[in-house]
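J.: Here is what each chain is made of, one letter per residue.
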Amino acid sequence: MKPGLIGIFVLVAAVTVESFAQMLLKIGAAGGPGILLLPYRRWACRFSFGSIAASWIILGVIAYGLEILLYTVALHLLDLSVAFPLGSLCFVGVAVLSKLYLGEAVGRIRWIGVGCIVIGSVFVAM
Amino acid sequence: MHLPGGCHSPLDGGIRCDKGNPKHRIHSIHSLPVRASGLPIVPARSSTLAGFFATTGLIMGRGETKLPGAVVGGLVLAIVLDTIIQIAWKLAVSGVPGTATVTATVREALSNPFFWVAMLAFGAQLFNWVRVLARADLSFAQPFTALSYISVLAISAHSLHETIAAPKMLGVALILLGVFFISRTPFRTAGAHGPDPMGPDSPRS
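Line by line, the protein sequences are chains A and B.
Residue 85 in our numbering is what sits at position 85 of the first sequence, and the numbering runs on without skipping anything.
Remember, our numbering sits 126 above the position in the second sequence when you count from 1.
Rather than coming from a laboratory, the hints here were simulated on the basis of the structure.
Please read all numbers here as calculations on a predicted model, not as lab measurements.
Take the hints with a grain of salt, since some may be wrong.
What the hints assert, rightly or not - Quick list of in silico lysine to any residue cross-link-like pairs, SDA-like style, CA-CA up to 20 angstroms:
id, chain 1, residue 1, chain 2, residue 2
1, B, Lys294, A, Leu86
2, B, Lys294, A, Asp79
3, B, Lys294, A, Leu89
4, B, Lys294, A, Thr72
5, B, Lys294, B, Ser274
6, B, Lys216, B, Glu288
7, B, Lys294, B, Arg310
8, B, Lys294, A, Ile119
9, B, Lys216, B, Ser237
10, B, Lys216, B, Leu246
11, B, Lys294, A, Val82
All chains should be modelled from the sequences, with the hints used to inform the complete structure.
T.: Here's what the structure looks like:
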């Protein structure tokens, strides 16, 4: 496999991990899984640590550490003009997770905003 | 955009892991009345131009669109710290050849002082970011960090004595526009948040 292709895979993994890291931090910041929509809250509460807010923050930090590692590896395999816009897809990932799991109102305007940012990052990296 | 129901107490959805009690999720799409087709009946609130502008928050004056100072300060600090992290990180890894193995990269990073500057700023960022997220939607706050793309670009261009070319300027404009759109949406649309930083008497409903 070409380094570029591996780089893209690593970067997509980094973006996914970062999006989840943000959500984990949000859960911790909100005081626990009570912020999750009901089915996911039930799932989260199955874990013994589920009700402890700090444990979600720790999970978020661990995910962030993993993301930094993945992103650093990806930057060695990809040109910045590719890696940078792809990295900005974390804004899309966060919007999706916020809507799906946290029930935030990610409406048209937020999507337009996220779209502008992602397209903007393509040009910034040129 | 959903208007949060007026049923939030500071304890709702807090540390308590209640299995039932979905009442404070009333503004989520999952609790909307369901048609026979199985599709939720979504209030037709953005079908008109007025509705469109109302939902964007372009008509200001609602409680959730007025950003509290703590959120503004937190977001500004987040952008500053993010800029420091990115610049320090760039300086830390710039000496590593692209062909270096993962272990060599890690070893190189750990011995670089800029790496530790980045880590310090990262720790501060974590603390600050959790405070921001306790007050605002994740999908509201996180896009603001894109502003650090602009600050990093500006600092890089300045330190290298480069002018910012037209495509980059277009990118900067698009990011600013994107963040502007996000800022026009209500900053908090979901979740009662643990120990409510806005206090139990916050005008949420």
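J.: Each hint should be assessed against the structure and marked as holding or not.
T.: Right, here's what the structure says about each hint:
Under the criterion of a C-alpha separation no larger than 20 angstroms, the hint pairing Lys294 of chain B with Leu86 of chain A is consistent with the structure, at around 16 angstroms. For the hint pairing Lys294 of chain B with Asp79 of chain A, the CA-to-CA distance comes to about 16 angstroms; that is within 20 angstroms, so the pair holds. In summary, the hint linking Lys294 of chain B to Leu89 of chain A is supported, as the alpha carbons are separated by about 18 angstroms, within the 20 angstroms threshold. As the CA atoms of Lys294 of chain B and Thr72 of chain A are separated by approximately 23 angstroms, the hinted pair breaks the 20 angstroms bound.
For the suggested pair Lys294 of chain B and Ser274 of chain B, the alpha carbons sit about 14 angstroms apart, so the restraint of at most 20 angstroms is met. Proximity of Lys216 of chain B to Glu288 of chain B is assessed by CA-CA distance (about 17 angstroms); at most 20 angstroms being required, the pair is judged to hold. Taking the CA atoms of Lys294 of chain B and Arg310 of chain B, the gap is near 24 angstroms; set against the 20 angstroms cutoff, the hint is violated. With a C-alpha separation of about 11 angstroms, the suggested pair Lys294 of chain B and Ile119 of chain A falls inside the 20 angstroms cut-off, and the hint holds.
Restraint check: the Cα-Cα separation between Lys216 of chain B and Ser237 of chain B comes to about 14 angstroms, which is no more than 20 angstroms; the hinted pair holds. For the hint linking Lys216 of chain B to Leu246 of chain B, the alpha-carbon distance of about 15 angstroms falls within 20 angstroms, and the restraint holds. With a CA separation close to 14 angstroms, the supplied pair Lys294 of chain B and Val82 of chain A stays within the 20 angstroms bound.
In summary, the structure is inconsistent with hints 4, 7 from the numbered list given earlier, while agreeing with the others.
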